[in-house]
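Please arrange chain D on chain Z, whose structure you already have, making use of the hints.
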Amino acid sequence: MTAFLDVLIGGVFHASVLFLVAAGLQLVFGVQRIVNLACGSFYALGAYFGITAVNTAIAAGVPPWSFILVLILSGILLAAIGPVIELVLRTVYKRDEAFQLLLTFAFVLMFQDVLRFFWGANPQTLGNLSMSYGKVTLGEVSFPTYNVLVIAASIGIALALGWFLQRTRYGRILRATAENRDMAAALGANVRWINASVFTLGTLLGTVGGALVVPTSAASLDMPVELVVEAFAVVVIGGLGSMRGALVGALIVGLVRAWAITKYAELEVLAIYLVVIVVLVARPAGLFGKPIE
Amino acid sequence: MDNKRRRLLQALGGTGVAAAASPFLSFPAIAQNTPLRVGIIAPKAGIAGTVGECGLRGTLWATERINAEGGIAGRKVELVIEEETNPKDSIERLRKLVLQDKVDCVQGIVSSGVSLAMGAVAEEMKATLIFWDGTTQDGVKETMEKPRYVFRSTDNECEAVMASLLCVKYWKGQFTRVAGINPDYSYGRNNFAAFQALLKKFGVQFEVVAEQWPKVGTLDLTSHVAALKAAKPDLVFSSLLFADLPVFMKTAHGAGLMDGKTKFAFPAAGFQHTGLKKEFTPEGMIFGHNTLYFAKENPSPLQKAFVDHYADKYKDYPHWEADRAYFAMQVYKAGVEKAQKAKNAWPSQNDIIDAMEGIEVTSLGGPGKMRKDHIAEQTFYQGLTTHKNKYDFATLGRVDTMFSDQLQKPQGTDFWKWIETANIKL
Numbered sequence: 001m002t003a004f005l006d007v008l009i010g011g012v013f014h015a016s017v018l019f020l021v022a023a024g025l026q027l028v029f030g031v032q033r034i035v036n037l038a039c040g041s042f043y044a045l046g047a048y049f050g051i052t053a054v055n056t057a058i059a060a061g062v063p064p065w066s067f068i069l070v071l072i073l074s075g076i077l078l079a080a081i082g083p084v085i086e087l088v089l090r091t092v093y094k095r096d097e098a099f100q101l102l103l104t105f106a107f108v109l110m111f112q113d114v115l116r117f118f119w120g121a122n123p124q125t126l127g128n129l130s131m132s133y134g135k136v137t138l139g140e141v142s143f144p145t146y147n148v149l150v151i152a153a154s155i156g157i158a159l160a161l162g163w164f165l166q167r168t169r170y171g172r173i174l175r176a177t178a179e180n181r182d183m184a185a186a187l188g189a190n191v192r193w194i195n196a197s198v199f200t201l202g203t204l205l206g207t208v209g210g211a212l213v214v215p216t217s218a219a220s221l222d223m224p225v226e227l228v229v230e231a232f233a234v235v236v237i238g239g240l241g242s243m244r245g246a247l248v249g250a251l252i253v254g255l256v257r258a259w260a261i262t263k264y265a266e267l268e269v270l271a272i273y274l275v276v277i278v279v280l281v282a283r284p285a286g287l288f289g290k291p292i293e
Numbered sequence: 294m295d296n297k298r299r300r301l302l303q304a305l306g307g308t309g310v311a312a313a314a315s316p317f318l319s320f321p322a323i324a325q326n327t328p329l330r331v332g333i334i335a336p337k338a339g340i341a342g343t344v345g346e347c348g349l350r351g352t353l354w355a356t357e358r359i360n361a362e363g364g365i366a367g368r369k370v371e372l373v374i375e376e377e378t379n380p381k382d383s384i385e386r387l388r389k390l391v392l393q394d395k396v397d398c399v400q401g402i403v404s405s406g407v408s409l410a411m412g413a414v415a416e417e418m419k420a421t422l423i424f425w426d427g428t429t430q431d432g433v434k435e436t437m438e439k440p441r442y443v444f445r446s447t448d449n450e451c452e453a454v455m456a457s458l459l460c461v462k463y464w465k466g467q468f469t470r471v472a473g474i475n476p477d478y479s480y481g482r483n484n485f486a487a488f489q490a491l492l493k494k495f496g497v498q499f500e501v502v503a504e505q506w507p508k509v510g511t512l513d514l515t516s517h518v519a520a521l522k523a524a525k526p527d528l529v530f531s532s533l534l535f536a537d538l539p540v541f542m543k544t545a546h547g548a549g550l551m552d553g554k555t556k557f558a559f560p561a562a563g564f565q566h567t568g569l570k571k572e573f574t575p576e577g578m579i580f581g582h583n584t585l586y587f588a589k590e591n592p593s594p595l596q597k598a599f600v601d602h603y604a605d606k607y608k609d610y611p612h613w614e615a616d617r618a619y620f621a622m623q624v625y626k627a628g629v630e631k632a633q634k635a636k637n638a639w640p641s642q643n644d645i646i647d648a649m650e651g652i653e654v655t656s657l658g659g660p661g662k663m664r665k666d667h668i669a670e671q672t673f674y675q676g677l678t679t680h681k682n683k684y685d686f687a688t689l690g691r692v693d694t695m696f697s698d699q700l701q702k703p704q705g706t707d708f709w710k711w712i713e714t715a716n717i718k719l
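Which chain is which? The protein sequence lines are Z and D, in order. Reading the first sequence from the start, the letters are residues 1 to 293 in my numbering. Reading the second sequence from the start, the letters are residues 294 to 719 in my numbering.
No lab work stands behind these hints: they were computed from the structure. Keep in mind that the hints are not guaranteed to be accurate.
[Claimed, not checked] Result set (DSSO-like, lysine-lysine): computed pairs, CA atoms no more than 27 angstroms apart in a straight line:
| hint | chain 1 | residue 1 | chain 2 | residue 2 |
| --- | --- | --- | --- | --- |
| 1 | D | K681 | D | K494 |
| 2 | D | K570 | D | K597 |
| 3 | Z | K135 | D | K571 |
| 4 | D | K419 | D | K597 |
| 5 | D | K439 | D | K702 |
| 6 | Z | K135 | D | K525 |
| 7 | D | K718 | D | K702 |
| 8 | Z | K263 | D | K508 |
| 9 | D | K525 | D | K508 |
| 10 | D | K493 | Z | K263 |
| 11 | D | K462 | D | K554 |
| 12 | D | K683 | D | K589 |
| 13 | Z | K135 | D | K556 |
| 14 | D | K525 | D | K589 |
| 15 | D | K337 | D | K597 |
| 16 | Z | K290 | Z | K94 |
| 17 | D | K419 | D | K465 |
| 18 | D | K465 | D | K439 |
| 19 | D | K525 | Z | K263 |
| 20 | Z | K135 | D | K570 |
| 21 | D | K636 | D | K439 |
| 22 | D | K570 | D | K589 |
| 23 | D | K681 | D | K589 |
| 24 | D | K395 | D | K419 |
| 25 | D | K571 | D | K508 |
| 26 | Z | K135 | D | K681 |
| 27 | D | K395 | D | K381 |
| 28 | D | K554 | Z | K135 |
| 29 | Z | K263 | D | K556 |
| 30 | D | K381 | D | K439 |
| 31 | D | K419 | D | K556 |
| 32 | Z | K263 | D | K554 |
| 33 | D | K462 | D | K439 |
[Unchecked claim] Every beta carbon over 12 angstroms from chain D, so not counted as near; a handful from chain Z, in silico:
| hint | residue |
| --- | --- |
| 34 | V12 |
| 35 | L18 |
| 36 | A80 |
| 37 | P83 |
| 38 | A152 |
| 39 | G162 |
| 40 | D182 |
C-beta: ideal position from N, C-alpha, C; glycine also.
Here chain Z stands alone, though its shape is the one from the complex:
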């Protein structure tokens, strides 16, 4: 039971971070029809910028316990790069998908140099700050309280996104645009503004995700690629463009990975992609995607 709980918590924690990045990917694809490879770079930027923000805040006398708020705020602030990137993306909206992929991949490479320029090649960490909230102990199982807060934050963001997309007027406009872009434009939706705001929201999910995970991990130049690979598995399992799919896909990937690591450590990646293949064969559009015509 102890081992099961340990594995379960590890899997859910991984899934919660994965969800944030995959949700950004889904949102951008759903509305803008762009597969944004740079989502991993936003995640890495969030991590690096979060470290700088926390160190600056603590040096300025902000109490260390408030670092989680500083991280969330830094992620939100950093999302300001979203509209700038979106301006460049406008040049490929109507071009072949290969151009879009190439452009977003170019951003991945450029951001890697940006990270290296500002923060250097050395991995950066926040020391042991994540332990400043203490541990939660359940019998023999113990884990940092901070991890629970990250899981809670991820659930909170998922609920807020769900409410925003389902219950608000702007959310309905977004869904209508995702459904039929030309029709939404004909009915008066400001598609240019929608594109910019959706891309910024997608960026924000990535930057906040990166900022939240960095106290338990490290910021390194390779983190964008590693995460994108798993985020795409989430998207394929959940269904491209589906937020519910991002949630369920992230949970499946997180838990399958945790289980595989415990039972057959060598099969960590294979286990995830076995699920991807099964989903692709049984439901080519993913668990929550629209059937492919």
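Below, chain D without anything else, positioned relative to chain Z:
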């Protein structure tokens, strides 16, 4: 200013200094006219970026000192620096250094994958190449039995052998349940296998209760730690390195893996030593600092000067890659000067290579030599962690020092047979 122009100006500057010093030097005219060009190939980004950066700093420091003292056999050293990336591109940069930049020697390389591919190319091109790290081996199997132009570092497994010996020395009888978490490539696999082979050699009864193989660069190790914890090991052996190690340490601490009596050995901890903060790095763990332990008691004046310079300039403390880079430059310098002295004229490439075989030098971390089979021998440092220091990270309380002739196989022997038969003293 473009690179060509910068190099030209550096060369002119070097020539001027050499010319000014000419009345005091007895080297032939050619030696005073052109700088000695050394190509460096080192990673600047990615997982090994931090390693390459530290190595480059070691090379720059060595070069500054050499040039301040008149150069190598009277010729100033000029560096041409290229980036180490994947094997294919790194080999292209080697070709560029040799064919276009006309360097006299190439040094660097951290990745075994790159060195394995590059070694054969350097032999074919007849390019003098001294590796900082990595090896030209396929795991522990030698792929270049009699290289002429390639000189390689000590075996990557030296630190695993030493950490295993220290596990036996300090903890024999205190553990039976053994777990491993090691990077999933030949280095991690061989290190864990070597650890088990050495336990067997020294009659330690043990059982492997968990093996974890995260790929290099895995930054979420929560599930790996959960699996280790579930196995309830008495001893965890881990050759994790790069950013993965501090992440593991933090995660293991947070999950309570370090709360009990479990012992830990980290042969490659030195690569990330400043990131292993006291808050989550307990005392009493075996840490490997490889060929440079920056906080050694009573360091040599050379080590002290370098560590002080490094701390002052970079606000950081160096690890072993700086020593490897310094060692490579010193081997080349000593080889050139020995050959020059023997010939009383500027030596040929073959003269220099012959001179480097068996040469002894003092590196930052201590004495070293280049074996006649072109494999380095150096001094290794490991020990038990302590918090009793002025830093915010763990250092070594008790330090063990071993020369690599006790840690690496002799020429032409099989690594696993060597472990079985070697007369290794604890």
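Q. Holds or violated: are the alpha carbons of K462 (chain D) and K439 (chain D) at most 27 angstroms from each other?
A. 35 angstroms, violated
Distance rule for A80 (chain Z), whose beta carbon must clear each one in chain D by more than 12 angstroms:
25 angstroms, holds
Between K683 (chain D) and K589 (chain D), is the straight-line Cα distance small enough, at 27 angstroms or below? OK: K683 (chain D) and K589 (chain D) at ~13 angstroms, within 27 angstroms.
*Verify that the Cβ of L18 (chain Z) lies farther than 12 angstroms from every Cβ atom of chain D, and report whether the claim holds or is violated.*
9 angstroms, violated
*For the pair supplied as a hint, K419 (chain D) and K556 (chain D), is the alpha-carbon distance within the 27 angstroms limit?*
48 angstroms, violated
Notebook entry, point to check: Straight-line Cα separation of K636 (chain D) and K439 (chain D) no greater than 27 angstroms?
Noted result: Between K636 (chain D) and K439 (chain D) the Cα gap is close to 25 angstroms, so the pair holds against 27 angstroms.
Holds or violated: K571 (chain D) to K508 (chain D), with C-alpha atoms at most 27 angstroms apart: Answer holds: K571 (chain D) to K508 (chain D) is near 26 angstroms, not above 27 angstroms.
(Q) Between the alpha carbons of K263 (chain Z) and K554 (chain D), is the straight-line distance 27 angstroms or under? (A) 24 angstroms, holds
Is K263 (chain Z) within 27 angstroms of K556 (chain D), Cα to Cα? 23 angstroms, holds
Next pair to validate is K525 (chain D) with K508 (chain D); report whether the Cα-Cα distance is within 27 angstroms. 23 angstroms, holds
Pair hint outcome, K135 (chain Z) versus K571 (chain D) [Cα-Cα no greater than 27 angstroms]: Holds, because 18 angstroms separates the two Cα atoms, which is no more than 27 angstroms.
Query raised in the report: Given the hint that K419 (chain D) pairs with K597 (chain D), does the C-alpha gap stay at or below 27 angstroms?
Result: Roughly 37 angstroms separates the two Cα atoms, so the pair is violated.
Hint compliance for this structure: hints 1, 4, 14, 17, 18, 31, 33, 34, 35 are broken, all remaining hints hold.
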